[in-house]
Amino acid sequence: MSRQYTIALAGNPNAGKTSVFNALTGARQHVGNYPGVTVEYKEGIAHHQGQAVEVVDLPGTYSLTAYSPEELVARNYLIGQRPDVVVDVVDASNLERNLYLAVQLMELGVPLVICLNMVDVAKTRGLKIDADKLSRLLGVPVVTTVARQNQGMKELLAAAVELAESEPEWRPLNISYGSDVDQGVDEVATILQGAQERRGLLSARWLAVKCLEGDQEVIERVRETPELAEKLLPVCDRVAGHIKNTMDDNPDSIIADYRYGYITGITRQVVSSEREVRMDLSDKLDQVLTHRLLGPLLLFAVLYGIYNFVFWASEVPVVLLENFFGWLGGAVEGALPPGLLRSLIVSGIIGGVGGVLGFAPLIAFMFFAIAIMEDSGYMARVAYIMDRVLRIFGLHGNSVMALMVGGGLSGGCAVPGVMATRTLKDPKARLATILTVPFMNCGAKLPVYSLLIAAFFAHRQAEMLFLLTLISWGLGLGAAKLLRVTLLRGEQAPFVMELPPYRAPTIKGLVIHTWERTWQYAKKAGTMILGVSVLMWAAMSFPGLPQEQDAAWQQRISAAPSAEARLELKSNRAQDELAGTIAGRAGRALTVLTNPLGFDWRANVALVGGFAAKEVIVSTLGVAYSLGEVDPEHSQSLSKRLAAEKGWNPLKAFSLIIFVMVYAPCLATVVMIRKETGTWRWALFSVGYNTLIAYLLALAVFQGGRALGLG
Amino acid sequence: MTPEVTLRQLRPGQRAVVKKVGTGGELGRRMREMGLLPGTEIQVIGRAPLKDPVEIKLRGYNLTLRNNEADFITVEIGEAS
Chain S
1 MSRQYTIALA GNPNAGKTSV FNALTGARQH VGNYPGVTVE YKEGIAHHQG
51 QAVEVVDLPG TYSLTAYSPE ELVARNYLIG QRPDVVVDVV DASNLERNLY
101 LAVQLMELGV PLVICLNMVD VAKTRGLKID ADKLSRLLGV PVVTTVARQN
151 QGMKELLAAA VELAESEPEW RPLNISYGSD VDQGVDEVAT ILQGAQERRG
201 LLSARWLAVK CLEGDQEVIE RVRETPELAE KLLPVCDRVA GHIKNTMDDN
251 PDSIIADYRY GYITGITRQV VSSEREVRMD LSDKLDQVLT HRLLGPLLLF
301 AVLYGIYNFV FWASEVPVVL LENFFGWLGG AVEGALPPGL LRSLIVSGII
351 GGVGGVLGFA PLIAFMFFAI AIMEDSGYMA RVAYIMDRVL RIFGLHGNSV
401 MALMVGGGLS GGCAVPGVMA TRTLKDPKAR LATILTVPFM NCGAKLPVYS
451 LLIAAFFAHR QAEMLFLLTL ISWGLGLGAA KLLRVTLLRG EQAPFVMELP
501 PYRAPTIKGL VIHTWERTWQ YAKKAGTMIL GVSVLMWAAM SFPGLPQEQD
551 AAWQQRISAA PSAEARLELK SNRAQDELAG TIAGRAGRAL TVLTNPLGFD
601 WRANVALVGG FAAKEVIVST LGVAYSLGEV DPEHSQSLSK RLAAEKGWNP
651 LKAFSLIIFV MVYAPCLATV VMIRKETGTW RWALFSVGYN TLIAYLLALA
701 VFQGGRALGL G
Chain L
1 MTPEVTLRQL RPGQRAVVKK VGTGGELGRR MREMGLLPGT EIQVIGRAPL
51 KDPVEIKLRG YNLTLRNNEA DFITVEIGEA S
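Going down the list, the sequences are from chains S and L.
The numbering used here applies: residue 1 is where the first sequence begins, and numbers increase by one.
The numbering used here applies: residue 1 is where the second sequence begins, and numbers increase by one.
In isolation and in its complexed conformation, chain S is listed as follows:
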């Protein structure tokens, strides 16, 4: 029995690499992240004649330079792990550009199999490709496939295993980059020949080409040996200078020219066009979907449709899950004696995790909708349509999706919103988008708004909600702009982006996409969020009432003349208890800061609790105003109570609304920001940044309003 082979899948984005991976490995996949970067790592197992083969899905790239994390990850994997075979998934309908990566893989010298995918699409475009000739000219096996329909997968796997069994050497392809560059490459390669120990297994020529291309990663490595750098870098500079003088160009663009020259030399012999298709169906669709007037309207309709679909589809499962956790809490309550342990399990663990997991169906449908947009090619058009507007604020066309999902139309969730920023390749624009998503009006803020609007703006409910949507967009975009001119200052990364042809998504692809992301969300709920929920529970439970006080309350409760009176006393006792806890004390201590905003200690405790999840604000306010537990969905009693309460008025309510809209993102979002940015720094920053802005805004609202005589 031979050892287990490893096949790495490389390829351009949109070439069908994911379909090939899914077809080869089925559901046997493992998803993770490459250490230190937010690039997804996927591996799975394929079976060839009873033999297990490991398949690693490299990130989709157009090139093998070292300028994006994806390219660097792909290249470092190939160089560091040296997989037995690399399968390059090539879009047959778009051969020239796809071969640019293939040629670079061949220059590196990896044992290569070309998977000529989507031959069906090429055919409908009138393209005929001679795969045998392509194989002869490139000198590598070529297998034609239609991965979406599982065609050619067995043959592909067989070709890859066959190549692996021959235990191939790495054979770098040498192509000419014109006499000037070639001379420079030879000269640098000769210097590198003498430095075997620095090269490892890489060919001197490949490293020489990279040096001349100005590849920072390779040049850094050269610099680690000063005597080598001293000899080598001046040669690179000289060649670059010569090319600048004679051709007014730089070596890396000459090298790219020659690579494309080599490719067109091959495609000319291999591709024949049976008829010229000037405007294919996809272009015609674009004429409508990105039309000046229709485009934005349709975009709005699609986003609106997504909201309706997500809420409609998730309503039943969300209720079922809520009921399940409610039942579970009740069952535990019945089984355990009253006390701390019961409270910990029911309120801390089941309540906390249930609150987050209860959202899972909603989030799954949201991811499903995003997957449809991505897999169909529409997502790239959203970026295309919206880019001009969002660019003003230092964001990217793609940011709009994340902001919408995060609650741009009221009622989304920041967690999938933050995850939706993965489609953004510009790191600064992405970070700015991540930090802007929490400004949107997510579904959990809405109960708080409803409560306060019903209490103080009852005759203007719809207008108020609309106003709050506008305010959140204004604040979010403003906050993004502020970041982009301060901490995230800098040139915008190139927009240059492929608009992939429209395609019908496959059910399998959608299901796998949705499942992966939802599972990541659920895993977080089970670990990090569980831990912090327990902490929040502790802060709101400890220390309990002193024994003599508790005894006094119990006495008064049992002596109550009627059931109503007993209930009221119980509520008063809960209020008294909350006031004494860590959270209650923190609420009191914070009044020094929050008095200028109009908040009393009760509002403060609610806001502290709201850090766990925003809907907790309503239930905590209920306890603090001694109404007992208040269901966020049915808060009329609390609403009436607040409206009648001395010290509350519309100005104070509005100040609180603004604060809730903007202040620290909820725990689940903070955890997701940590995951997506790869560092706690930005997660903690978002807590501080948002809370500071919220404070200043609420201060301006309350004090400004008072100065105008509104309060």
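Simulated from the structure, these hints should not be mistaken for laboratory data.
Where a beta carbon is used, it is the ideal one built from N, C-alpha and C, also for glycine.
Any given hint could be a false lead.
[Claimed, not checked] Here are some chain S residues pointing at chain L (derived, C-beta under 10 Å):
hint, residue
1, Thr61
2, Thr65
3, Asn94
4, Lys123
5, Thr124
6, Leu127
7, Thr290
8, Met379
9, Ala383
[To be verified] Derived pair list, reagent style BS3-like, types lysine-lysine, alpha-carbon separation capped at 27 Å:
hint, chain 1, residue 1, chain 2, residue 2
10, L, Lys57, S, Lys425
11, S, Lys128, S, Lys154
12, S, Lys244, L, Lys57
13, S, Lys284, S, Lys128
14, S, Lys481, L, Lys20
15, S, Lys154, S, Lys133
16, L, Lys20, L, Lys57
17, S, Lys481, S, Lys425
18, S, Lys154, S, Lys428
19, S, Lys284, S, Lys123
20, L, Lys51, S, Lys425
21, S, Lys481, S, Lys428
22, L, Lys19, S, Lys244
23, S, Lys675, S, Lys42
24, S, Lys523, S, Lys425
25, L, Lys51, L, Lys19
26, L, Lys51, L, Lys20
27, S, Lys428, S, Lys42
28, S, Lys425, S, Lys675
29, S, Lys123, L, Lys57
30, L, Lys51, S, Lys428
31, S, Lys570, S, Lys675
32, L, Lys57, S, Lys128
33, S, Lys523, S, Lys42
34, S, Lys523, S, Lys508
35, S, Lys523, S, Lys284
36, L, Lys19, L, Lys57
37, L, Lys57, S, Lys284
38, S, Lys154, S, Lys123
39, S, Lys284, L, Lys51
Here the structure of chain S is known, so what remains is to put chain L in place on it, guided by the hints.
Structure of chain L alone, referenced to chain S:
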């Protein structure tokens, strides 16, 4: 001889051949790896609702770039279609 213009000035439907990509750095590299090089035939497919970015077809696929990026690309206009 047709006068040389930049990609920004092309109208939807117009075809042209790239003469020069007048930028280096990350933008130049990105354009090259997407196959936007001197000698490449392009056709403008359309523009976004706010006239920016622009969508073009080259080498059988569609690419979009912002107007201020298109400024770096000098083209020679071919036949209109």
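Verification of the supplied hints:
Checking Thr61(S) against chain L: minimum C-beta separation of about 9 Å stays under 10 Å; hint holds. Because the smallest distance between the Cβ of Thr65(S) and any Cβ of chain L comes to about 7 Å, under 10 Å, the interface hint for this residue holds. Nearest Cβ of chain L to the Cβ of Asn94(S): about 5 Å, under the 10 Å cut. The hint holds. With a least beta-carbon distance of about 13 Å to chain L, the hint placing Lys123(S) at the interface is violated under the 10 Å criterion.
Checking Thr124(S) against chain L by beta carbon gives a least distance of about 12 Å; that is not within 10 Å, so the hint is violated. The beta carbon of Leu127(S) is positioned within 10 Å of a beta carbon in chain L (closest approach about 8 Å), and the interface hint is therefore held. Checking Thr290(S) against chain L by beta carbon gives a least distance of about 6 Å; that is within 10 Å, so the hint holds. A distance limit of 10 Å between C-beta atoms decides the matter here; for Met379(S) the minimum to chain L is near 13 Å, and the interface restraint is violated.
Taken as an interface hint, Ala383(S) checks out: its beta carbon lies about 8 Å from the nearest beta carbon of chain L, inside 10 Å. This hinted pair checks out: Lys57(L) and Lys425(S) have alpha carbons roughly 22 Å apart, not beyond 27 Å. Annotation: proposed proximity of Lys128(S) to Lys154(S) holds, straight-line Cα distance about 23 Å (limit 27 Å). Of the supplied pair hints, the one linking Lys244(S) and Lys57(L) is violated, its CA atoms being roughly 30 Å apart against a limit of 27 Å.
Between Lys284(S) and Lys128(S), the direct Cα distance comes to roughly 23 Å. Compliance with the 27 Å bound is thereby established for this hinted pair. Distance check on the hinted pair: Lys481(S) and Lys20(L) sit about 34 Å apart at the alpha-carbon level, beyond 27 Å; violated. Distance restraint check for Lys154(S) and Lys133(S): the Cα-Cα separation of roughly 21 Å lies within the 27 Å cut-off, and the hinted pair is therefore satisfied. Straight-line distance between C-alpha atoms of Lys20(L) and Lys57(L) comes to about 17 Å, which keeps the hinted pair within the 27 Å bound.
For the hint linking Lys481(S) to Lys425(S), the alpha-carbon distance of about 18 Å falls within 27 Å, and the restraint holds. Taking the CA atoms of Lys154(S) and Lys428(S), the gap is about 42 Å. The hint is violated against a cut of 27 Å. The suggested pairing of Lys284(S) with Lys123(S) holds, with an alpha-carbon distance near 18 Å, which does not exceed 27 Å. Only pairs whose Cα atoms come within 27 Å are accepted, and Lys51(L) paired with Lys425(S) is accepted, the gap being roughly 23 Å.
For a cut-off of 27 Å, the pair hint linking Lys481(S) to Lys428(S) stands: about 12 Å separates their Cα positions. The straight-line distance between the Cα atoms of Lys19(L) and Lys244(S) is roughly 17 Å, inside the 27 Å bound, and the hint therefore holds. Of the supplied pair hints, the one linking Lys675(S) and Lys42(S) holds, its CA atoms being roughly 17 Å apart against a limit of 27 Å. At most 27 Å may separate the alpha-carbon atoms for a hinted pair to count; Lys523(S) and Lys425(S) meet this at roughly 26 Å.
Under the criterion of a C-alpha separation no larger than 27 Å, the hint pairing Lys51(L) with Lys19(L) is consistent with the structure, at around 23 Å. Between Lys51(L) and Lys20(L) the alpha-carbon distance is near 23 Å, which keeps this suggested pair within the 27 Å criterion. At most 27 Å may separate the alpha-carbon atoms for a hinted pair to count; Lys428(S) and Lys42(S) meet this at roughly 25 Å. The straight-line distance between the Cα atoms of Lys425(S) and Lys675(S) is roughly 17 Å, inside the 27 Å bound, and the hint therefore holds.
Proximity of Lys123(S) to Lys57(L) is assessed by CA-CA distance (about 19 Å); at most 27 Å being required, the pair is judged to hold. Between the alpha carbons of Lys51(L) and Lys428(S) the distance comes to roughly 25 Å, so the proposed pair stays at or under 27 Å and holds. Between Lys570(S) and Lys675(S) the alpha-carbon distance is near 42 Å, which puts this suggested pair outside the 27 Å criterion. Simply put, Lys57(L) and Lys128(S) have alpha-carbon atoms about 20 Å apart, close enough for the 27 Å limit, and the pair holds.
Taking the CA atoms of Lys523(S) and Lys42(S), the gap is about 17 Å. The hint holds against a cut of 27 Å. A C-alpha spacing of about 22 Å is found between Lys523(S) and Lys508(S), which places the hinted pair at or below 27 Å, so the restraint holds. Note on Lys523(S) and Lys284(S): the hinted pairing is violated, with a Cα-Cα distance of about 43 Å set against a maximum of 27 Å. A distance of roughly 16 Å separates the Cα atoms of Lys19(L) and Lys57(L); the hinted pair therefore holds under the 27 Å criterion.
Between Lys57(L) and Lys284(S) the CA atoms are separated by roughly 13 Å; this keeps the pair inside 27 Å, and the hint holds. For the hint pairing Lys154(S) with Lys123(S), the CA-to-CA distance comes to about 22 Å; that is within 27 Å, so the pair holds. Distance restraint check for Lys284(S) and Lys51(L): the Cα-Cα separation of roughly 18 Å lies within the 27 Å cut-off, and the hinted pair is therefore satisfied.
In summary, the numbered hints that this structure violates are 4, 5, 8, 12, 14, 18, 31 and 35.
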